[in-house]
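Visitor: Here the protein sequences come in this chain order: A and B.
Just so you know, we're using the numbering used here here: the first sequence kicks off at 118 and counts up by one.
Just so you know, we're using the numbering used here here: the second sequence kicks off at 2 and counts up by one.
It cannot be assumed that every hint is accurate.
As the list claims (entries may be wrong) - Computed, partial: chain B to chain A, Cβ under 8 angstroms:
| id | residue |
| --- | --- |
| 1 | P61 |
| 2 | L74 |
| 3 | M101 |
Stated by the list, open to error - Now the stretches of chain B that chain A is said to cover, found in silico as 3 or more residues with beta-carbon under 8 angstroms:
| id | region |
| --- | --- |
| 4 | 104-117 |
| 5 | 149-155 |
These are calculated hints, taken from the structure and not from any lab test.
All of these numbers come straight from a predicted model, not from anything done at the bench.
Beta carbons are placed, not taken as given, at the ideal position from N, Cα and C, and that holds for glycine.
Next come the chains, spelled out residue by residue.
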Amino acid sequence: MTETQVRTHYTTLAIGKAEGLMFGRTPKPVSCGYGLELGSGMVYPEINFTLPMMMIDESTWPSVVAQYDEMGEMISRTAKRLHLKGVMIEFELLPPMTERPEWGAEITRVLDRQLKTMYENHGITGALRVTPTDIRDATRPPPLRSGIEWETLMASFDECAKAGAHVLSIESVGGKEVNDEAMMYGDVEGVIFALGVLAPRDMEHLWTNIVSTCKSYGVVPGGDSACGFANTAMQLASQGMLPEVLAAMIRGASAVRSLVAYECGAFGPSKDCAYEGPILKAITGAPIAMEGKSASCAHFSPVGNVAAAMCDLWSNESVQNIRLLSGPAPEAFLELLTYDCRLFNAALSSGSERTYQRMLVDSDVHHSPQALVLSPESTIRIASAIVREQSPYRQTVAAGLEALRVIRDAVRDKTLPLAAKEHHWLDKTESALTALPAEEEGMMDSMIERYGHLFAPSSYGL
Amino acid sequence: MKELQELADHLINGYADRVAAVTQDLLNKGATPQTILNDGLIAGMTVVGERMRTGEMYLPEVLQSASAMHVSLKILKPHLAKDGVESRGKIMMGTVKGDMHDIGKNLVGIMLEGAGFEVIDLGLNVQPQKFVEAIQTHQPAIIGLSAMLTTTMLNMKTAIEAIAHAGLRSKVKILIGGAPVSQKFADDIGADAYARDAVKAVDKVKELIAA
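Between the sequences and the hints, there should be enough to build the whole structure, so can you do that?
Guide: Pasting the structure below:
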């Protein structure tokens with residue numbers, strides 16, 4: 118693979134005003150798969166499914182393939198029954214399917230065939246997003262740029278692209294080994310080091326290679342997700358373990374590392390679990406996948422409605438292929454997503470989209486700082502703070518600070534109630550951010566001393 | 002003793018320097034290391050655990066207290082060893098084969114250390130045989146198995162079977178945790194206990210040690 122892509126640096130917003138941020142519409146629509154047009158005036162469901170409780174090995178592999186074939190077939194059947202115009206399927210590889218690239222490729226072929234048949238027989242447009250597992254963190258410190266894990270991961274992208282993937286994505290983990298520790302200890306400096314210094318370096322190396330693979334096979338480079346960073350924070354906050362304001366700050370700051378995929382040539386649709394998606398949409402103009410209330414089969418969140426306010430694909434994150442009272446869970450969740458999408462699209466076609474979006478936003482933003490930072494207005498503020506700065510480090514600090522200012526303004530205006538202990542963390546996090554050095558060089562020595570046992574500098578080109 | 006309460010208070014507030022100073026002061030005044038451990042440190046951490054359970058303290062604050070406890074234990078360790086005082090128990094833990102999620106496991110480990118247990122972390126993607134060998138080497142009282150995926154949770158069963166096959170099952174208690182598992186699953190695969198979060202895991206370990 119070659120690394121010839123010139124990295125773009127975004128200095129302005131593709132969508133400069135909150136009023137311009139709307140579900141189903143984006144300045145840079147993407148066409149993929151079998152005629153699926155994203156961001157051109159409609160929202161489509163993105164259905165994701167996984168196996169029920171079962172082992173994956175040589176002996177069970179035929180059953181695994183049969184499961185995916187069955188799920189693909191049921192998606193096709195449900196799409197026809199519900200008169201869907203289009204659908205994205207996400208196939209998120211499980212670790213053994215990435216470790217054996219031919220396994221991931223085999224499932225990719227199965228699902229591609231289902232989508233092709235659906236398109237040819239019923240005229241339903243569709244595309245397949247394939248997301249290999251980032252297997253590079255199987256050892257500590259993770260060797261990110263070399264070794265068997267790196268080679269295998271790249272082979273997985275290659276094989277899946279060759280087998281019929283239409284969009285490639287990943288939830289990459291560079292910097293997570295430091296972020297996990299720093300976040301648990303509430304060390305804001307460590308979190309910024311992970312998100313603003315380490316993660317962007319890994320993203321650049323990884324996405325330059327992914328984009329190169331995509332170009333070779335005519336596949337769309339979708340995007341990455343700060344799932345391992347900001348969604349971990351969101352989950353810990355929902356369990357009462359982390360302050361919500363810290364999780365909200367991490368959400369804003371994490372957009373910078375996810376943006377690097379676009380700087381390296383990705384053009385969407387972003388990953389569904391990248392709740393930082395609206396910020397990416399504002400900066401790049403690319404369509405985004407989002408998930409919220411209809412992904413509660415996979416995890417809980419305080420952003421169920423507001424997450425839908427600017428989406429172009431609406432996802433369920435993942436559901437096991439188990440039977441519910443109605444029928445198989447993937448079928449049930451595609452139905453759920455379809456009805457959600459009918460509402461988006463009815464609002465768009467009737468000119469009521471602004472009202473509907475306002476309801477989605479207002480129903481959440483007064484309940485949680487994490488919801489507040491995802492509103493269209495907050496999105497523009499955070500995205501603007503990012504494009505004003507030059508380096509990923511400074512962008513990360515700026516995004517984190519702006520997220521906190523958004524929260525502080527809402528508290529001042531009495532539109533967001535905040536518990537006393539959250540106030541304490543708002544002050545503490547803001548103080549820690551403002552005390553950071555102006556450039557990353559100013560923190561390098563202390564961070565290596567504090568976290569050097571967790572990461573290999575060579576994995577980040579340091 | 003007033004200083005023991007002071008020690009517990011500093012621990013609860015996560016003031017490592019003050020915890021170290023009071024620990025040394027107590028030793029100088031003739032307090033036994035066992036008393037300092039039980040009536041100062043563990044008493045303080047019990048309050049911390051309770052405050053986390055009720056949502057009064059966040060994890061970073063709990064971990065600050067745990068770090069302060071480590072500082073004190075470092076001072077006490079030679080004295081405890083001289084008096085023949087052992088840790089509350091040795092706990093070994095790992096994320097099972099095929100699974101690379103470890104934040105929950107790490108959290109449980111830190112909480113257990115904070116509660117006075119010795120923790121041996123085998124890391125992630127741990128093969129069943131590695132659990133067996135580590136039991137033979139370290140002889141823990143309890144093993145904690147973690148899994149996050151529906152396709153790796155069955156490797157908990159494989160690990161338990163390997164431990165049983167090696168004739169070690171009666172020597173260790175097994176605790177499991179992770180998003181897809183449940184008490185029923187623990188019962189089905191022959192684990193001794195299930196904990197749904199880090200706070201519960203510490204409770205379960207205490208119960209298993211006491212049993």
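Visitor: Return the numbers of the hints above that this structure violates; sort them in rising order.
Guide: 2
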